[in-house]
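Q: Residue-level listing of the chains:
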Amino acid sequence: MKAVCWHGKEDVRVDTVPDPTILNPRDAIIKVTSTAICGSDLHLYDGYIPTMQSGDILGHEFMGEVVELGKDVKNLKQGDRVVIPFTISCGGCFFCNRDLWSLCDNSNPNAWMAEKFYGHSPAGLYGYSHLLGGYAGGQAEYVRVPFADVGPIKVPEHLTDEQVLFLTDIFPTGYMAAENCDIQPDDTVAVWGCGPVGQFAIRSAQMMGAAQVLAIDRIPERLEMARKSGATVINYEEVDPGEALKEMTGGRGPDACIDAVGMEAHGTDVMGVIDTVKQATKLETGRPYALRQAIAACRKGGTVSVPGVYGGFIDHMPMGAVVNKALTLKSGQTHVQRYLKPLLDKISEGEIDPSFVITHRMSLDQAPEGYKTFRDKKDNCIKVVLQP
Amino acid sequence: MEETVSSRNIRQGDDRLAPKTDENKKAGINDTERWASLIMGGAMVLRGLQSRSLQGVIMAIAGGGLAYHGTTSDQSLPDKLSEAAGLDQDIRVEKTVTINKPVEMLYSYWRNLENLPRFMSHLESIQTLDETRSHWKAKAPMNMSVEWDAEIVEDRPNQLIAWTAVADADVPNAGFVRFKPAPGDRGTEVKVVIEYSPPGGALTAAVAKLFGEEPEQQVGDALSKFKQLMEAGEIATVEGQSKGH
Ligand SMILES: NC(=O)c1ccc[n+]([C@@H]2O[C@H](COP(=O)([O-])OP(=O)(O)OC[C@H]3O[C@@H](n4cnc5c(N)ncnc54)[C@H](O)[C@@H]3O)[C@@H](O)[C@H]2O)c1
Ligand SMILES: [Zn+2]
Ligand SMILES: [Zn+2]
Numbered sequence: 041m042k043a044v045c046w047h048g049k050e051d052v053r054v055d056t057v058p059d060p061t062i063l064n065p066r067d068a069i070i071k072v073t074s075t076a077i078c079g080s081d082l083h084l085y086d087g088y089i090p091t092m093q094s095g096d097i098l099g100h101e102f103m104g105e106v107v108e109l110g111k112d113v114k115n116l117k118q119g120d121r122v123v124i125p126f127t128i129s130c131g132g133c134f135f136c137n138r139d140l141w142s143l144c145d146n147s148n149p150n151a152w153m154a155e156k157f158y159g160h161s162p163a164g165l166y167g168y169s170h171l172l173g174g175y176a177g178g179q180a181e182y183v184r185v186p187f188a189d190v191g192p193i194k195v196p197e198h199l200t201d202e203q204v205l206f207l208t209d210i211f212p213t214g215y216m217a218a219e220n221c222d223i224q225p226d227d228t229v230a231v232w233g234c235g236p237v238g239q240f241a242i243r244s245a246q247m248m249g250a251a252q253v254l255a256i257d258r259i260p261e262r263l264e265m266a267r268k269s270g271a272t273v274i275n276y277e278e279v280d281p282g283e284a285l286k287e288m289t290g291g292r293g294p295d296a297c298i299d300a301v302g303m304e305a306h307g308t309d310v311m312g313v314i315d316t317v318k319q320a321t322k323l324e325t326g327r328p329y330a331l332r333q334a335i336a337a338c339r340k341g342g343t344v345s346v347p348g349v350y351g352g353f354i355d356h357m358p359m360g361a362v363v364n365k366a367l368t369l370k371s372g373q374t375h376v377q378r379y380l381k382p383l384l385d386k387i388s389e390g391e392i393d394p395s396f397v398i399t400h401r402m403s404l405d406q407a408p409e410g411y412k413t414f415r416d417k418k419d420n421c422i423k424v425v426l427q428p
Numbered sequence: 668m669e670e671t672v673s674s675r676n677i678r679q680g681d682d683r684l685a686p687k688t689d690e691n692k693k694a695g696i697n698d699t700e701r702w703a704s705l706i707m708g709g710a711m712v713l714r715g716l717q718s719r720s721l722q723g724v725i726m727a728i729a730g731g732g733l734a735y736h737g738t739t740s741d742q743s744l745p746d747k748l749s750e751a752a753g754l755d756q757d758i759r760v761e762k763t764v765t766i767n768k769p770v771e772m773l774y775s776y777w778r779n780l781e782n783l784p785r786f787m788s789h790l791e792s793i794q795t796l797d798e799t800r801s802h803w804k805a806k807a808p809m810n811m812s813v814e815w816d817a818e819i820v821e822d823r824p825n826q827l828i829a830w831t832a833v834a835d836a837d838v839p840n841a842g843f844v845r846f847k848p849a850p851g852d853r854g855t856e857v858k859v860v861i862e863y864s865p866p867g868g869a870l871t872a873a874v875a876k877l878f879g880e881e882p883e884q885q886v887g888d889a890l891s892k893f894k895q896l897m898e899a900g901e902i903a904t905v906e907g908q909s910k911g912h
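As they're listed, the protein sequences go chains Z and W. Per the numbering used here, residue 41 is the first one in the first sequence, and the count goes up by one each step. Per the numbering used here, residue 668 is the first one in the second sequence, and the count goes up by one each step.
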């Protein structure tokens, strides 16, 4: 089969590799019908996530048709059309039982590695480094899905791939980011980053009844998409977001701030330059530029919600502001399984059509071009969907 | 290779070269008590314990406890010499994991020793010979195999299984697994302590490979596989999956 493989920094290729096979009784093999490139994949593309190996198959946002089942998967049958959560979770551990799926105890075969990094291991993820399991991803014609009896959700025929594909990750991720803000009716929520995750965070904050959503980025078409969703936008290259946010909230600051940018934030002042140099020389593994701004801007007693991914260490974490303003910090890889059913219902009922973020449709063969276009934000690119 | 075996952080030995004083002797006895309380579930960690042999303590507990006190702190001459020369190569590992299943299930799976090779990847097979005795076969490189007979010396249903290799084993070893209900509905805390004394000579290299360069990691790996088997019904793997070139 054809699969998108990582071969190093800024080097992804479409290789021909053996088809996946069932390795465990709870596995399924899925024929992929649609798959997307995620902002998280860009951290791999840019070489910021350790423990990638040349030849690793990428991709954690994918859906398709069941073609083969392990002997213990009783709830699916061949031909079922399913969406796969990017978190691989067993369904039986302490964390799965508490709906904390991205923390599953039993899905990372390289747990010892993650334990060395983090103290404990999170769940395994598709195509996201050996630290997180080394699972082959779904930017491919076929993919092996472990724990297929608890992860995949069947989707109704009347919804297109494009409408349901983002249940795999970015819709639940934006939704959980907003949920973590515990939004009250009069609240203002500020969102750093108007990439796909930011876009879903904006829509979700609105669904949860935020009075005002403020969106921060510098890319015109991304700001425009946010504006169309009803957010008030701030171009951080034109105005200082800290000042703007204060002005727009009567001096109080936003009640909740969402960092939907992550470790590769772009900085405009001297701290940004220092962080870029440190990251390039591996002294720091993230440039927490948006995170620092979010903490500084947040109103006293407010919440900072961080869906943006950080892999290791950051410098100049403004812990003083967190403590002295009594902020609540919330984060995590998304507990995707928790949101599949409720968000599928919202799509079914027409409350949201997640396909609004798609700007580029390509074949699997065009993946290398897709990565580059998406990373460089060329050609007004916001979200790339690949059709194997 | 010998370097690898004698390994790491396992022994906190520091005052080994110091002459044995009364205080040291007392420490030996205290250690035995602390060992006992570790096995029985009182103490949490073995760090700092200097008592020489888990095997001895296990035997003592099985045989009624106190009788053993006299002998632990009384080292034989060869022991003293090898300790003084820094040749003491006992490797001891302790690891605990919480498994979201009832004590009974975990105990009975483990008590059938023939199940162990399913999650202890360095073992090839275990064959039970009778109620307490079993024959263990471990994978070794270069077609060398390490085999020994072991005996369960203490078996408390749903609490504790302790075993030791019989006296003439090539690789003296002993271990126990303790099951304890976790707080609330969190399942069972499973603690494993394993100790072995790699031999010198030809077998050393094989044993180094066999038990791994990171004994901690090997026991940790076995425990997390045990947990996966019990909670998820299978062991997570990526072995045999596709990869680019
Ligand atoms: N927690 C999870 O489970 C999860 C899931 C998916 C994605 N993510 C993470 O979410 C983040 C965003 O993902 P995406 O797909 O939207 O990526 P993306 O790269 O398309 O979007 C990031 C956006 O942030 C903007 N940006 C950069 N620096 C900024 C700054 N200083 N201030 C404001 N905006 C800035 C960029 O212009 C871009 O539009 C990534 O870190 C990704 O890894 C997390
Ligand atoms: Zn993603
Ligand atoms: Zn789990």
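It is worth saying that the hints were derived from the structure and are not from the lab. Using N, Cα and C, we set each Cβ at its ideal position, and we do this for glycine too. There may be inaccurate statements among the hints.
Stated by the list, open to error - According to the in silico footprint, chain W covers these stretches of chain Z (three or more CB under 8 angstroms from chain W):
| hint | segment |
| --- | --- |
| 1 | 61 to 69 |
| 2 | 182 to 194 |
| 3 | 209 to 218 |
| 4 | 253 to 263 |
| 5 | 271 to 285 |
| 6 | 385 to 397 |
| 7 | 400 to 412 |
As the list claims (entries may be wrong) - Listed below are several chain Z residues computed to face chain W (Cβ distance under 7 angstroms; list not exhaustive):
| hint | residue |
| --- | --- |
| 8 | G119 |
| 9 | C130 |
| 10 | C421 |
Q: Please go over all the hints and tell whether each is borne out by the structure.
A: Hints, verified against the model:
no.	hint	in the structure
1	61 to 69	holds (count 5)
2	182 to 194	holds (count 3)
3	209 to 218	violated (count 0)
4	253 to 263	violated (count 0)
5	271 to 285	violated (count 0)
6	385 to 397	violated (count 0)
7	400 to 412	violated (count 0)
8	G119	violated, 23 angstroms
9	C130	holds, 4 angstroms
10	C421	violated, 25 angstroms
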